[in-house]
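Could you slot chain B onto chain A? The hints should help.
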Amino acid sequence: MSEHSTYTPNSGVEKWLDERLPIIRFSKEHLMDFPTPKNLNYWWTFGAILVMCLAIQIVTGVILAMHYTPNVAMAFDSVEHIRRDVNGGRMIQAFHAVGASMFFAALYIHMGRNLYFGSYKAPREILYIIGVLIFVTVMATAFMGYVLPWGQMSGWAATVITNIFAAIPVIGTPLLELLRGGFAVGNPTLNRFFSLHYLLPFVVAALVALHIWALHVPGNNNPVGVDVKSSRDTLPFNPYYTVKDAFAMVVFLIPFCWFAFFAPDILGHPDNYIQFDSQVTPAHIVPEWYFLPFYAILRAIDFNILFIDSRLGGVIFFAGSILILFFVPWLDTSKVRSGGFRPIFKWFYWLFIINFLALTYLGAAPAEGIYVVFAKLCTAYYFIYFLVVLPVLGRIEKPRPLPTSISENVLARTHA
Amino acid sequence: MATQAQHKSTRRDFLFVATGAVGAVGAAAVVWPLINQLNPDASTLALATIEFDVAAIPEGQSVTVMWRGLPVFVRHRTAAEIAEARAVPLEELKDPELDEQRVQEGYEQWLIMIANCTHLGCVPVGESGDFDGWFCPCHGSHYDTAGRIRQGPAPTNLVLPPYTFLSDTLVQIG
Numbered sequence: 001m002s003e004h005s006t007y008t009p010n011s012g013v014e015k016w017l018d019e020r021l022p023i024i025r026f027s028k029e030h031l032m033d034f035p036t037p038k039n040l041n042y043w044w045t046f047g048a049i050l051v052m053c054l055a056i057q058i059v060t061g062v063i064l065a066m067h068y069t070p071n072v073a074m075a076f077d078s079v080e081h082i083r084r085d086v087n088g089g090r091m092i093q094a095f096h097a098v099g100a101s102m103f104f105a106a107l108y109i110h111m112g113r114n115l116y117f118g119s120y121k122a123p124r125e126i127l128y129i130i131g132v133l134i135f136v137t138v139m140a141t142a143f144m145g146y147v148l149p150w151g152q153m154s155g156w157a158a159t160v161i162t163n164i165f166a167a168i169p170v171i172g173t174p175l176l177e178l179l180r181g182g183f184a185v186g187n188p189t190l191n192r193f194f195s196l197h198y199l200l201p202f203v204v205a206a207l208v209a210l211h212i213w214a215l216h217v218p219g220n221n222n223p224v225g226v227d228v229k230s231s232r233d234t235l236p237f238n239p240y241y242t243v244k245d246a247f248a249m250v251v252f253l254i255p256f257c258w259f260a261f262f263a264p265d266i267l268g269h270p271d272n273y274i275q276f277d278s279q280v281t282p283a284h285i286v287p288e289w290y291f292l293p294f295y296a297i298l299r300a301i302d303f304n305i306l307f308i309d310s311r312l313g314g315v316i317f318f319a320g321s322i323l324i325l326f327f328v329p330w331l332d333t334s335k336v337r338s339g340g341f342r343p344i345f346k347w348f349y350w351l352f353i354i355n356f357l358a359l360t361y362l363g364a365a366p367a368e369g370i371y372v373v374f375a376k377l378c379t380a381y382y383f384i385y386f387l388v389v390l391p392v393l394g395r396i397e398k399p400r401p402l403p404t405s406i407s408e409n410v411l412a413r414t415h416a
Numbered sequence: 001m002a003t004q005a006q007h008k009s010t011r012r013d014f015l016f017v018a019t020g021a022v023g024a025v026g027a028a029a030v031v032w033p034l035i036n037q038l039n040p041d042a043s044t045l046a047l048a049t050i051e052f053d054v055a056a057i058p059e060g061q062s063v064t065v066m067w068r069g070l071p072v073f074v075r076h077r078t079a080a081e082i083a084e085a086r087a088v089p090l091e092e093l094k095d096p097e098l099d100e101q102r103v104q105e106g107y108e109q110w111l112i113m114i115a116n117c118t119h120l121g122c123v124p125v126g127e128s129g130d131f132d133g134w135f136c137p138c139h140g141s142h143y144d145t146a147g148r149i150r151q152g153p154a155p156t157n158l159v160l161p162p163y164t165f166l167s168d169t170l171v172q173i174g
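Top line first, the protein sequences correspond to chains A and B. The numbers in our numbering rise by one with no breaks, and the one at position 9 of the first sequence is 9. The numbers in our numbering rise by one with no breaks, and the one at position 47 of the second sequence is 47.
Here chain A stands alone, though its shape is the one from the complex (with noise of 0.2 Å):
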C-alpha cells in the first residue's frame, strides 16, 4: 500500500527541514496523501472519533489535576470544589466524566466493526492485538480514574476490583495489600491511582502510534472486505477522509454535547455524591455503564468447578472474557473477511451483539432469581460464539461470492 509519496520540498526552510527530520513528508505520506480504499463507511469514522475522544480525555484531564488534590480527607471535596468554584470547572469537568462514557461507546462500536468485518484477520493481526492492548489500558485508566472522586462508587469499585486480585492462589493476599498499599483501600491506594491514572492516557497514546503505524503497512480493512487491487480502489485520505471524519466527529459532538451540558451526571451513580465510607457498602454497588457485561461475566459464576471455588472461578472467566479477544484472529478459521459475504455468520454475529447488550443490562440488575440464570447463559453464550461458533463456522458456511474489486462492488451499487 506504501507508495512513495510526491512530496517536494518548496520553500528553502522545508528542504532543510526534509534533510534533518521529514515530517512534513511523514505528514504528506500518512495524513494526506494515505491511499484508503474508496468504500469505507460511517462504521470507519470511529477511529478518527476515538483519536478526537483521548484529545479530549487529556486536555481535560491535565487541567482538572490542577485542581484536584489525591489525599482521601480533600478529593471528595476538590471535585466538588472543581464543579462549584473553579472557572468553567463544571464544564471542563463535566466533558472529562462525560468523555469517559463516550469514550468507551466509541471503542466497543470500532471493535463491533472489527469483529463484524473480519479486520483482525491476515494482515492485520497485529494492528488488531495492539486494539485490544488499547482497550485494556483504556480499561485500566477509566477505573483508576472513577476511583479518584472518592465517593460511595469509587471505594467499592477499588474495594471489589482490587479483591479480584486475592483469589489468586497463595500470592493473592500479599498481593492485594501490595496494590492497595494497606490492609484496605486508603490513602495511598487514592495516590498511587491519581498517578497511574495520569501516566496511562500517554501510554495509550503511544499505543495508538503503533496502531495507526501497523493499519498503514497492509492499509485499510473495508466493507467488502477484498484487498486493494489497483489505485481504482482508493482515494487519497485528504481530503475525502478527513472531510468525511470531520464531518462524523461533529455528529458524535452532539449527543456528548448534550450530556455534559444537560445531564453530566446522567452516566454515573447517585450514590457516588456520598463520600467514601469503608465501613458501609451501598446496597447494589454497579459499575460504570462500560463495565458492565464484564461484571455479569464475572459474578456470574457462583458455582464451585472441579476445585476452582466461585470467586477464583468469576476471576478467571472475567480475565477470559477479555484475554480471549487476543486469539480472535486464530479462532475464527473464516477466509472470507466480511459478515456481509457470511449467510450464517451474520445470525450469530448479531445474536452476539444482542447478547453483549443482555450482559450489559443483567450487570446492572440485581444478582438474584432469573437475572442469575440469564446471566450464566449469556456468560455461556459469549464463550462460546469465540471458542465454537467462529472456529466451526469457517469450515462449515459456504460464503456468497466476492466481488474481484473494490471498485466493481462499489460501481455495482451505483448503477443498481
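Source of the hints: derived by calculation from the structure; they are not laboratory data. Check each hint, because a few of them may be wrong.
Unchecked claim - Quick list of the computed label-pair ranges, beta carbon to beta carbon:
1. B:D132 - A:V62: 51 to 61 Å
2. A:P9 - B:R11: 28 to 38 Å
3. B:P58 - A:W289: 19 to 29 Å
4. A:A122 - B:E91: 54 to 64 Å
5. B:E59 - A:D77: 51 to 61 Å
6. A:W43 - B:P162: 28 to 38 Å
7. A:A206 - B:A24: 24 to 34 Å
8. B:R11 - A:A206: 40 to 50 Å
9. A:I212 - B:A24: 28 to 38 Å
10. A:W289 - B:N36: 47 to 57 Å
All C-beta atoms in this analysis are idealised placements derived from N, C-alpha and C, irrespective of residue type, glycine included.
Leaving out everything else, chain B in the frame of chain A:
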C-alpha cells in the same frame, strides 16, 4: 572466526555470562525497592492493634469497629443464635468449621469477624439473609449466625482476626 569448526569456551564467553548474571542481579536489586514501596508503609502497619470494650453492646446487637482500615463486626449473640449455629451439621457447610472454632471458649456470645465478604470485599448487612446471619447485597452471599458461608458466590467463611480477651469485657484485636 567463522572458519573455526568447533567453538571452544573461552575466557570471553565466561566474562559475557558472568557480566550478564551480575547485571541481572543488579537490575533485580534496583527494581525491588521500586516495587516494595507499594507495600503497606510504617504508618499503616503502626495501626495493627486496637483495644475495644464490648461491655456497651447489649445482647442481640453488633457494632462495627475499625482495625487496620478494615471494618470488624463485634456481635453479642443471643443464646438462640448460638444454638442455631451449633445445630448445623458440618456436612451442610461449604467451608466446614464448627461454631466452637469461630469463637473463644468462655466467650461464645462474642463473635468477632472481619466484615468484608470473602467474595469481593463488600460489607454484608447484619441480621438478614436466609440464615439469620449476614447477607451481602452485592452478589448475594448468605452467612449464618456464626458468620459461615451458606449460599452464594463467597468461597469461605467470614475471616476471624486475631484477638484476645484482656479482661471479661476488654478485647484486643490484632
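Status of each hint after checking the structure:
1. B:D132 - A:V62: 51 to 61 Å: holds, 53 Å
2. A:P9 - B:R11: 28 to 38 Å: violated, 54 Å
3. B:P58 - A:W289: 19 to 29 Å: 44 Å Cβ-Cβ, so the 19 to 29 Å window is violated.
4. A:A122 - B:E91: 54 to 64 Å: For B:E91 against A:A122, whose Cβ atoms are near 55 Å apart, the range 54 to 64 Å holds.
5. B:E59 - A:D77: 51 to 61 Å: violated, 40 Å
6. A:W43 - B:P162: 28 to 38 Å: About 58 Å separates the Cβ atoms of A:W43 and B:P162, which means 28 to 38 Å is violated.
7. A:A206 - B:A24: 24 to 34 Å: holds, 27 Å
8. B:R11 - A:A206: 40 to 50 Å: holds, 42 Å
9. A:I212 - B:A24: 28 to 38 Å: holds, 35 Å
10. A:W289 - B:N36: 47 to 57 Å: violated, 37 Å
When the structure is compared with the earlier hints, violations turn up for hints 2, 3, 5, 6, 10 and for no others.
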